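Number of protein chains: 2
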Amino acid sequence: MKTCWIALYVLAGTCAAQTATERSIPARTIPTPATVSPELQKAIAPAWQGSTAAPKLTNEEWKARAKQFEDGGTQMVEGMKKKFSVTVTEQKIGGVRVYDVKPDTIAEANRRRLLVHVHGGAYVFSGGEAAASEAVLMAHHGQIEVISVDYRMPPDFPFPAALDDSLAVWKEVVKSHDPKNVGLFGTSAGGGLTLATVIKLKELKAPLPGALMAGTPWADLTKTGDTYYTNEFVDNVLGSNDGFLDSAARLYAGTHDLKEPLLSPIYGDLSGFPPTILISGTRDLFLSNTVRVHQKLLQSGNRAELLVFEGESHAQYEIAVDAPESGAAFREVAQFFDRNLGK
Amino acid sequence: MKTCWIALYVLAGTCAAQTATERSIPARTIPTPATVSPELQKAIAPAWQGSTAAPKLTNEEWKARAKQFEDGGTQMVEGMKKKFSVTVTEQKIGGVRVYDVKPDTIAEANRRRLLVHVHGGAYVFSGGEAAASEAVLMAHHGQIEVISVDYRMPPDFPFPAALDDSLAVWKEVVKSHDPKNVGLFGTSAGGGLTLATVIKLKELKAPLPGALMAGTPWADLTKTGDTYYTNEFVDNVLGSNDGFLDSAARLYAGTHDLKEPLLSPIYGDLSGFPPTILISGTRDLFLSNTVRVHQKLLQSGNRAELLVFEGESHAQYEIAVDAPESGAAFREVAQFFDRNLGK
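Protein sequences appear in the order of chains S and E.
Take 1 as the starting number for the first sequence in my numbering and just add one per residue.
Take 1 as the starting number for the second sequence in my numbering and just add one per residue.
Bound conformation, chain S alone (with noise of 0.2 angstroms):
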């Protein structure tokens, strides 16, 4: 090792010259990390238990997947509401099916803000009440009231239907609220839409929200990117694009172009965005669609900040929802949201 690194250093290049496409990583196994709290260390230690072969479902089956979701997700959220400490009401804002999650307290520079948000779920499952499950994290520990978009979904309705019910309730919202007051927010599926939605506003010369949070945001749905790679079996949430994730992303996007900015904003314009939370895991397939969208906001010219949880794997942070550290990311993205939204 030493030979190699005093060539890096003092050469800063020589290493170069052994150049190749692709490299062999052993096997290894890895310990859970001793370095998260005891609940975490319980979401991170599962091997995945997922398929790379595609799943080769019929539109029925694809809708009774989702159905699956849709009634674990809303036994789930019924949980959540008593635990955290919020009422979660149904409601339709422009035409689209939204929750309106309000927490016990809200905070008193909250009281004039509001936050849309857009569920993750490869923008196939997670739909009815599930929505909300993250919603009613970011309720709960910022304090705050948030309205989850209920948006309708393939096979029935792909692209850009999702993107259309975002932006219909984002128009209706600001009708009543100073855009600079209200913040956009989602995870995953979630948080490319948080970023494909403000491309959209931007070309519609729309005003934009105020502050936007994008976790984990399936910014890229081609498989490119580093850690599609290296935290491919490492990430045991997501596992591996391949399968389940690939069929979903051509599900949704339909005829169009994987490649087109409002399916994987990476390839889209980032100037002239508002300030930016990004929430990554060291173990997170999509690790690299969080980092590159960090850097190009910043080299856009826009203030971005990026955190980075220990030993998560995608979106751990909203699923291990009793772990401390869930906590503390809600409560990172509550005063970025405090430090730049308008009251």
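Please note that a few of the clues may not be correct.
It does not matter which identical chain is meant; a pair holds if it fits inside one copy or across any two.
Straight-line C-alpha distance at most 25 angstroms; calculated SDA-like pairs for lysine to any residue [what the hints assert, rightly or not]:
1) 296 - 339
2) 223 - 71
3) 259 - 41
4) 223 - 178
5) 259 - 176
6) 296 - 340
7) 296 - 104
8) 343 - 93
9) 92 - 72
10) 296 - 45
11) 42 - 23
12) 42 - 222
13) 259 - 31
14) 42 - 223
15) 200 - 24
16) 63 - 37
17) 223 - 26
18) 63 - 105
Don't read these hints as lab results, they were simulated from the structure.
Quick caveat: nothing in here was measured; it's all calculated off a predicted structure.
With the hints as your guide, set chain E onto chain S.
Below, chain E without anything else, positioned relative to chain S:
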């Protein structure tokens, strides 16, 4: 995968029943990412050339290796002076040898500012003019004067000699500069030493720097942290903690416990720190060191920012000096110092 994912979402912990203390990750190939510049691809492509066997060197052999590094580094810095249009002048400050690095143009806002730099090299290498290589990049990209500390190193001068030298230079520098106008920074061992210096200054109730940069800091010398395992052999600069790094840590620590906060600052009291920016990469063996410090700083009530570069192994932003990503990193650090230092 979906089965487990549904369980994760629905029961938020069903998978946790399958707890294990470690997981097996299969062998695989990782491509050189197409998402970075061609210059950076050349640095990322080669496999790690090191060994996980302890080097077992005599003191004389350690010194001979250090001399090789110093000679090679001096040669490298000679070339960098011209390329990056800086002058490098050897001086003594507080009895310690330093290199005063001046760019051809100092930005107007930086006229009364100064940065103090402590170099990397695992506390055992990169002394002499080699110490100044990162300082050259910072001075050039930031248009600011930098004093690089050529601190004493083992085997002749183990801990706390490096810390004593860093403190001696700091105490002398703040006699002629408002400490709020002076930043402190370093990478790897230099990142750890940056943090340790501030912990010690707090203990001494001495004035603190106005802002810090701790690049991929060696914040934990005990191989504790997730990416010591998940990025083992993925990182092509450090490769593994086993072998050289572990031996260097023990040589530096001497009779001291590796967990002492002035050796492993993650275990220190990080409250009351100046604003701090941290840097890492998606393949960095020290990504966990970096994000653990970031979170601990935030949760101790400080302002702290994080940059993570796509595809980079340990410290490649200061190794691949010709990659545009290197310039981007140092410019982002310069902007951070500009936002946080007094004038």
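So which hints don't hold here, by number, going up? The structure conflicts with hints 2, 4, 5, 7, 15, 16 and 18, although it agrees with all the remaining ones.
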